[in-house]
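If you read the protein sequences in the order shown, they are chains A and B. When you number the first sequence by my numbering, it's gap-free, plus one each residue, and the end is 311. When you number the second sequence by my numbering, it's gap-free, plus one each residue, and the end is 273.
It is worth saying that the hints were derived from the structure and are not from the lab. Cβ atoms here follow ideal geometry from the backbone N, Cα and C, with glycine treated the same way. Hints are supplied without guarantee of correctness; some may be wrong.
Claimed, not checked - Okay, the calculated beta carbon distance ranges per label pair:
| id | chain 1 | residue 1 | chain 2 | residue 2 | range |
| --- | --- | --- | --- | --- | --- |
| 1 | A | Asp269 | B | Val234 | 21 to 31 Å |
| 2 | A | Gln161 | B | Leu34 | 43 to 53 Å |
| 3 | B | Gly4 | A | Ala229 | 32 to 42 Å |
| 4 | B | Gly97 | A | Val292 | 43 to 53 Å |
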Amino acid sequence: MLRFTIRRIFQIIPTVIVVALLIFVIFSVVPGSFAASLFSDGKTNADPKLIAQLNEQFGLNKPLHERFFTYMWDLARFDLGTSFRTRLPVIDMINDRIWASLKLAIAAMVFAIVIGVPLGFMAAMRPGSVLDTVTMIGAVSGLSLPQFWLGLLMMMLFALQLNWLPSFGYGDGAFRNLVLPAMALGVTPLALLARTTRAGVLDVMNADFIRTAHAKGMSEPQVVRWHVARNALVLIVTTVGLQFGSLIGQAVVIEKLFAWPGIGSLLVDSVAIRDIPVVQGTILVIVLWFLVINTAVDLIYAAIDPRIKQG
Amino acid sequence: MKLGFNIFLGGFLTLLVVFGGLFAHWLAPFDPVLDANLMNAEMPPDTEFWFGTDAQGRDVYSRILYGAQISLTVGIVSQLINTVIGVVLGMTAGYWGGWWDDFVNGLTNVMLAIPSLIFALAVMAVLGPGLVSLLIALGLTNWSWTCRIARSSTLSLKSQGYVQAAQTLGYSDLRIMFTQILPNMMGPILVMATLGMGGAVLSEAALSFLGLGIQPPFPSWGSMLTDAREMIRVAPWAAIFPGVAIFLSVLGFNLLGDGLRDSLDPHMRTRKL
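All chains, please: the whole structure from these sequences, using the hints.
See the structure below:
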């Protein structure tokens, strides 16, 4: 298990390096200089002296390969560069924001698991029932819903009409402020979890060992607890992990809608003003988040199901 | 839920969007951009303005019809780009193997590690907002699953008798790939493309909502929601209808994709409701 763990952790490194390279290349092929775009309002051109000064300051006048090596060397020392706009270290800006994103993602995932898993389980226990049909229609609809639109509707109902919850903002981390964004963000993983749980449980229910368990006289609750739940868990854990990893990507729009001070809204704001070091840094952190969670899922997966390690 | 229900409902919704978009010019009672009239601003739905009007007094119904053109264009073109990239890379990787296969596999893994909306945001940051940037951004971000499917299909099809017969007859590699292998894996590729269209419509709406996609005054469903957000207290209809349009079209593509997959895969069919 230890060797497997170490191997999986070391597999992250080359992927991060390639992603860093890819991001660097994307932002290097841009026509014109960032300094120019930063100071130009679209009608008048920025002062050439100012541009030259800025290029010098951020090392943008150096050759590409030199810039790349500087970038990678800084990265190895966890230095993500300095923001064009705020002149603050990118790593500090991300550090200020990442906890809010993490909190939102965890809350959304908890919401999705608490409702989605039992719903999928109950649906699978009574295939073809009204509950099953309603759950499945709900799941397909949930996967097709634009989360930000749902957020907007919830904002309209719960904040503006009923006045139950604040419509936006972080509110110094109050739980009330977390409810609406977490629910809006959680609806897609909820739908997916309900669907996967149902499929996983149905799959197990038809397996030979369940028939054997029944044949040897186990009661229905015992079969469900000992065989169905444990076997369906592998699929559920995978879905939870993958969804949790990609949640921070989906959170971008929700964070912006609810003025949530996470790294998603930092990314969008930086894209809008073309603050490239911040864009590069936030994307790298998001990718790293995704990879770390994927690795964690693989490890949990191997712990639950010993067959995986060998395969 | 009977077999074919997904295809039927999905097909109907998709056709509705295609019909609305194609004939928007005839179906829309007003111009989506030019017919702004502040005298009619924020009017609730009535017989003249079926879905009400927005802050500039433009007819929401007409704007939704024209918005369908943008959503469909983005959905279809971006998926075409994704499919071509995915199929070409996956098929050649599976067929040739070796270092090329390793390279494509590595690239696919890297792409899978970057959430597609985030990658699209990065591309939009470089290219700037607009329709062409959107098509490129969404066309470059979602090919990894198609590539994986194309690769694994090619690996299993490569050992089929008719492919080996073609090799014996001296067909070139490209000819074998495009005439023997590609037609036999069109099913799953088509399913991926259909499901991807729903995703592309959602991403377009999200990017436009963030102000990075289609720019005002052109009517994209996402940017209509951005405008509607400002006046959600006084004119909620301006927020409701564009969202319903996004939801129904994405639902249509998703159901159609699910239905196609079920009918192509008999194993899935037995497990369905």
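Structure-based check of each hint:
Roughly 27 Å separates the CB atoms of Asp269 of chain A and Val234 of chain B, a value that falls within the hinted 21 to 31 Å. The given range of 43 to 53 Å is broken by Gln161 of chain A and Leu34 of chain B, whose C-beta atoms sit roughly 34 Å from each other. For Gly4 of chain B paired with Ala229 of chain A, a C-beta distance near 33 Å keeps the hint of 32 to 42 Å intact. About 31 Å separates the C-beta atoms of Gly97 of chain B and Val292 of chain A, a value inconsistent with the hinted range of 43 to 53 Å.
Consistency with the previously given hints fails for numbers 2 and 4, ordered from lowest to highest.
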